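Residue numbers (the working numbering): 4 to 135.
Hints listed in this document are in silico derivations from the structure and should not be mistaken for laboratory results.
Keep in mind it's a predicted model, so treat the numbers as computed, not measured.
Among these hints, one or two may not hold up.
[Claimed, not checked] Ranges between beta-carbon positions, derived for each pair:
(1) E20 <-> E67: 18 to 28 Å
(2) R130 <-> E61: 16 to 26 Å
(3) G59 <-> K36: 15 to 25 Å
(4) C58 <-> D37: 18 to 28 Å
(5) T5 <-> G48: 29 to 39 Å
(6) T94 <-> E61: 35 to 45 Å
(7) T94 <-> K19: 10 to 20 Å
(8) C58 <-> M4: 17 to 27 Å
[Claimed, not checked] With a cut-off of at most 25 Å between alpha-carbon atoms, the simulated BS3-like pairs for lysine-lysine come out as follows:
(9) K25 <-> K120
(10) K86 <-> K19
(11) K109 <-> K123
The beta carbon of each residue, even a glycine, is placed where N, CA and C say it ideally should be.
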Amino acid sequence: MTSILDSHGLLAFLEKEPGFEKVESLFVNAVAKDKDLLMTSVNWGEVYYIVLRECGAEKAQEIERVIKTLPIEIIDVDITLAKQAAYFKATKKLSYADCFAAALAKQHKGEVVTGDKEFKAVEDEVRIAWII
């Protein structure tokens, strides 16, 4: 099954927060078993802006370099993905960036890897792999 990382999952890994081991094992499986691990460019941007805001430009650039070494395929948003994200935003209580992760999971029949409880709002439409 295709795994979709949201910002919460990636930040948990980068900051060694609760659940980081589960994300780390996804990276190992992505390499060892050639399993898809995707993230939207919107969610990547969310990680970048959070690190930039909280830690500054130097740390944000360092994190960008680290992310490039991880087995994550960054998916640019197209109109189809944006439309599905807009549907989730209009009908569910979910942040806009999270809507893109949910939309990508729906599009790929995958699962969102997260610890963000907001994703409970889409559990009826998208599979969620809880890290905590």
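Okay, the hints, checked on the actual structure:
| no. | hint | result |
| --- | --- | --- |
| 1 | E20 <-> E67: 18 to 28 Å | 19 Å, holds |
| 2 | R130 <-> E61: 16 to 26 Å | 37 Å, violated |
| 3 | G59 <-> K36: 15 to 25 Å | 37 Å, violated |
| 4 | C58 <-> D37: 18 to 28 Å | 33 Å, violated |
| 5 | T5 <-> G48: 29 to 39 Å | 21 Å, violated |
| 6 | T94 <-> E61: 35 to 45 Å | 40 Å, holds |
| 7 | T94 <-> K19: 10 to 20 Å | 35 Å, violated |
| 8 | C58 <-> M4: 17 to 27 Å | 33 Å, violated |
| 9 | K25 <-> K120 | 16 Å, holds |
| 10 | K86 <-> K19 | 34 Å, violated |
| 11 | K109 <-> K123 | 14 Å, holds |
This entry does not satisfy hints 2, 3, 4, 5, 7, 8 and 10, going by the numbered hints stated previously.
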